[in-house]
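All the letters of the sequence shown, read from the start, carry residue numbers 14 to 334 under this note's numbering.
Hints are computed from structural coordinates only; laboratory data are not their basis.
It should be emphasised that the depicted structure is a prediction, and the values quoted were computed from it without experimental measurement.
Certain hints may be false.
[What the hints assert, rightly or not] No farther apart than 27 angstroms at their CA atoms in a straight line, the calculated lysine-lysine pairs in the DSSO-like style are these: (1) Lys212 / Lys108; (2) Lys53 / Lys108; (3) Lys53 / Lys212; (4) Lys164 / Lys108; (5) Lys164 / Lys53; (6) Lys164 / Lys212.
[Said to hold, decoys possible] Cβ-Cβ distance ranges computed for the label pairs, FRET-style: (7) Val67 / Leu129: 50 to 56 angstroms; (8) Asp258 / Gly49: 50 to 56 angstroms; (9) Val128 / Ala267: 29 to 35 angstroms; (10) Gly49 / Leu242: 25 to 31 angstroms; (11) Asp295 / Ile150: 27 to 33 angstroms; (12) Arg298 / Ala158: 39 to 45 angstroms.
Glycine included, each C-beta is placed from N, C-alpha and C at the ideal position.
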Amino acid sequence: MTAAETVVEPVAPVAPDRVVRPLLLPRHLLVLARPGHVVKNLLAVPLALVDTPVWTASSLWRCLWAIGAFTLASSVIYVLNDIADRHLDRAHPDKQHRPIAAGHVPVPVAWAYAVLLAVGLVAVTVTGPEMTWWPLIAYLALSAAYSRWLKHLPLLDVCVVSTGFVLRVLQGYAATETVPASLLLTAVFSGCLVLILGKRRHELSALGTPHRPALHGYNLLLADHLLGLTTSLAGTTFLLYLHLDAPIAAYPPAVLALVVPLGLLAAFRYLQAVLVLRTGGDPIRILLRDRTIVGCAVLIGVVLAVAQINARYPHLLTWMD
């Protein structure tokens, strides 16, 4: 073979999404903290206000502080989880674009970022309003165990994630210094199970099992049965809460007459999204962007708010008598 015939092997180019761009690093760090997921804390922590006898500026401020603390705690867990799962994420069509999996944030930088967020969390809990932080501590411990071991155990994995939302609500109760309502906590736990099982089912049908080892313990039939069971449990316990424990004064029949059809329509729509439209991969996106679910949620919120205000300040809504 002559020199002119020598074949030169081309050098494989570096994938553009594996190149660290220092100028974009702050943006990637922000994405790594999942700021869009703050909605989980905004929805869960303030649920305790429903059972607060009197809304005061102090209780509202403490609740906001608890939301901020949980947001920092969640961000710490997200960063640590992305560090641990970076190899699996690279095989996922969506998660491969996460900052660590895509190579935008080097692992040492991610560790330093997690430490910085943890320091901020400690500062928030130490310098903020005095309250018990045991739900937050339990959330951090449970999430760390989930990232390391529990997420690989079928069935237990979804229960652990749902428990994290219950701990958010309990932190709200700690902030408002009220007694937790067991039926409300059960409704939150089972309702979150519905969302998480919907996500697992979507992953099974669309992506298979390689990216999440726990999915080897599921199949579509089991996921469908669990979805039906938990949806029934969530609806039943929430209605029992409204009828027995919720402070809605003398209007439980009227409230239930409005909430039941709206709640069923929202549940039907979510199940349709998961089972028919196959768009259950991101439950938060569905809850915030699906017009039917958002509309039902807004109407339910208005009904419950009116009933609550009437229970607390009956002279403001005399037209309901």
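We went through each hint and held it up to the structure:
With a C-alpha separation of about 14 angstroms, the suggested pairing of lysine 212 with lysine 108 holds against the 27 angstroms cut-off. Between the alpha carbons of lysine 53 and lysine 108 the distance comes to roughly 20 angstroms, so the proposed pair stays at or under 27 angstroms and holds. Taking the CA atoms of lysine 53 and lysine 212, the gap is about 16 angstroms. The hint holds against a cut of 27 angstroms. Pair hint lysine 164 plus lysine 108 holds up; C-alpha atoms about 16 angstroms apart against a cutoff of 27 angstroms.
For the proposed pair lysine 164 and lysine 53, the alpha carbon gap of about 19 angstroms is at most 27 angstroms, so the pair holds. At roughly 14 angstroms between alpha-carbon atoms, lysine 164 and lysine 212 fall within 27 angstroms of each other, so this suggested pair holds. For valine 67 paired with leucine 129, a C-beta distance near 38 angstroms fails the hint of 50 to 56 angstroms. The supplied range of 50 to 56 angstroms is broken by aspartate 258 and glycine 49, whose beta-carbon atoms lie about 32 angstroms from each other.
Take valine 128 and alanine 267: their Cβ atoms lie about 53 angstroms apart, and the range 29 to 35 angstroms is violated. Against the hinted window of 25 to 31 angstroms, the Cβ-Cβ separation of glycine 49 and leucine 242 comes to about 30 angstroms, which satisfies the hint. The given range of 27 to 33 angstroms is respected by aspartate 295 and isoleucine 150, whose C-beta atoms sit roughly 29 angstroms from each other. For the pair arginine 298 and alanine 158, the supplied restraint of 39 to 45 angstroms is violated, since their beta-carbon distance comes to about 27 angstroms.
When held up to the earlier numbered hints, the structure conflicts with 7, 8, 9 and 12 and fits the remainder.
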